[in-house]
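Chemist: Single-letter residue listing:
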Amino acid sequence: MALPLPSAPAALRRRRRREHARTLAFLSPWLIGFGVFFAYPLVSTVYFSFMRYDGFTAPTFAGLRNWDYVLTRYPFFWQGLGNTLWLVAVMVTLRVAFGLGIGLLITKVKTGAGLFRTAFYLPYLAPPVAATMAFAFLLNPGTGPVNHLLGELGLPQPGWFTDPAWSKPALTLLAMWGVGDLMVIFMAALLDVPREQYEAAELDGAGPWQRFRYVTLPAISPIVLFAVVTGVIQTMQYYTQAIVAGKVASGVIGGSGQQFEPGYPHGSTWTLPQMVYSLGFQRFDTGSACVVAVILFALSMAFTSVLLRRRSGLLGED
Amino acid sequence: MDTQRTPRRRPLTALAGAAACLAVLATGCTGSPAAGGEDGSASGQDVTLTFWHGWSQDNEVKAIDANIAAFEKLHPNIHVKVVGNIADDKSEQALRAGGAEAPDVVSSFTTDNVGKFCAANVWSDLGPLLRKDGIDPAKTFPAAMLAYSRYRDNQCALPLLGDAYGLYYNKTAFAAAGITAPPRTFSEFEAAALKLTVADGDSYRQLGFMPNYHGYETAIAHYLGQYGSTYFGPDGRSTVATDPTVAAALRWQKSLVDKLGGFEKLERYRTGFGDEFSAKNPFTTGQVAMALDGEWRTASLAEDKPAFDWATAPFPVPDGQAASYGRGYQTGTIIGIAKGSRKQTAAWALVKYLTTDTDAVVSFANAIHNVPSTLAALDSPKLEADANFRTFLGIARHPASGTTPASINGGAYQVSLQNLSYEVESGRQTDLAAGLAATAKEIDAAVDQAK
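Chains as they are written, first to last, in the numbering used here: chain A, 10 to 327; chain B, -13 to 437.
Just so you know, the hints here were simulated from the structure itself, not pulled from any lab data.
Note that the Cβ used here is the ideal one computed from N, Cα and C, for glycine as well.
Take these hints with a grain of salt, some might be off.
Rough simulated footprint, nothing fancy, chain B against chain A, three-plus residues with beta-carbon under 8 Å [as the list claims (entries may be wrong)]:
| # | stretch |
| --- | --- |
| 1 | 58 to 66 |
| 2 | 77 to 87 |
| 3 | 150 to 164 |
| 4 | 202 to 214 |
Can you build the whole structure from these sequences, using the hints too?
Modeler: Below, the structure is given as structure tokens:
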């Protein structure tokens, strides 16, 4: 006796369910991580941005009060936002340009390339706090060797970390000093550009700039995009160097009657991540800290989104 | 041209980056600690307390350990697990998190935390315990120290040794300049500062006094201690724009800055100073002839042995307040009991011993060279104090000495006032009245936000 065949749609459905279950099983480590480390904190942050919560007592609904406070009454927000955007625009641009430049130079070096690679990569390994303190020492306006040298050369001696006009450029110098990570990535990309393309361009009479513009840059454009996107995200979270430089240069150690000055000097190194820490963990105003975190997140998303959508416009045809 | 749109999934790169920041915030979402109660220690039951403090130097740790040992001898059934070198941030997190490993008794170097902890009921109100044991805080502790250890009616902390601020002066430089006595009024002080200033090209060989707000202890709050300024009115609103002494202090400091060479020139000189808490301190090296500093400097100077004679005196007062000479700014260490601790009775026994037992307070003060925090200890014959240290004992006793009051949002009001002071001294803010009004508004907004 012949067994009845299962109906084709039911069998298909069962197979699909099995496939879905298998897919989910394979995806589950990532899904759990995503839920615990991303989705939950994100939803919580948005939720707490509408709550009054000091970390000790039960949260209560505050409506738009935290948003109103941060955007209209908290005196440091707009200055912090301006500084963060300045750092994103200048620091990321210069880091990428400098990293690419160093990468290009080192790939051209015939002898001692290893030595140069090591010399430029080593600073990246320095802990951020130690590196910042070293720069604060080097750039000390009164006793630092940099200003001493500038003085000997008859050049102006900036106030660096103590001058609001120079504090962000000083931080940018520090960031460029630690550009070893980008240099290595760019070097790997540059060494992957097919030699034949350069040879063909040379035969066509292309000079060094034209070879860079029409051969090198299109070939490494995904890497440039990667460097810019990750640079923007990292700089939006810029915290350690800014706070250490401000603290060291100000000479104020804090304590009763002598509070640590945010973003010394004159708020010029005050960034949004410092604001999140200060509001959330020094003032215990978790709601307002969450507002700043949500804004930071939205800005990071917006920047990344725009960069990815405009990649062809930014980098030329690839 | 490549017109291909990037898939919308790509921004996940950005999401991953921002998640770390958000995750940090989410960790703050813990429940409030439950209040503890009678732990049986009064009836002889064994109890082990956990005590967190911030002292880290050998002599300090040795001193606090000696006090704890003496306490355990007095209370054989109470054992104390001491954890030192704890930063305030870590204590705050532990108090938030609670749990079995959280401290029962906590000390903090930052009196600014008192308002936050009292308002949030994180530390137990010690008022009922003081009353139960017949301890009158006003008769036990100096007024300024009592002021910084309470928020409104909540005495959630007690002072555990204090810091008082006074004048250090270079006697050798004074003699060379023909100055025979330390200045008592701001006019005398200005004259001395100018007389003691010795130029060196476009800088200084010796500066009479570094008035800039980043000149280590020359914070606006420390200057205001000489004026007896208020920060908040009875209604809790900021008084920085209405208390005329605040404007007077800012004006006086700016005037002194200008007379001594101007902000830029002084700042250039200031950046050449060594670390405040080292032998490179500018007073120790002779770079400045007078300094506003705390009592701890007496011990440092005795150890570092500068190449000149030095002495201490109360910091001068405004000319119109000459009668208040002898006052100064005061702060110190505070100690409290975690509200979530289930060993409240034993914890109070420890706090009471450390803060009110005269011998305990004196031995600790002798060991770490801080000002004792009870009136009885200040008068104790066991207190080791030379003439220079006695200056600070007098400041601590002085009824007009002041402090920065506890506020619901900690020291945020001080940050606001500090920021204005930086703007004023650098000449970026010339309309003082408008600056003070804006600062008061900023302080009130922050306080409202914290409520």
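Chemist: Enumerate the violated hints, using their earlier numbering and listing them in ascending order.
Modeler: 4
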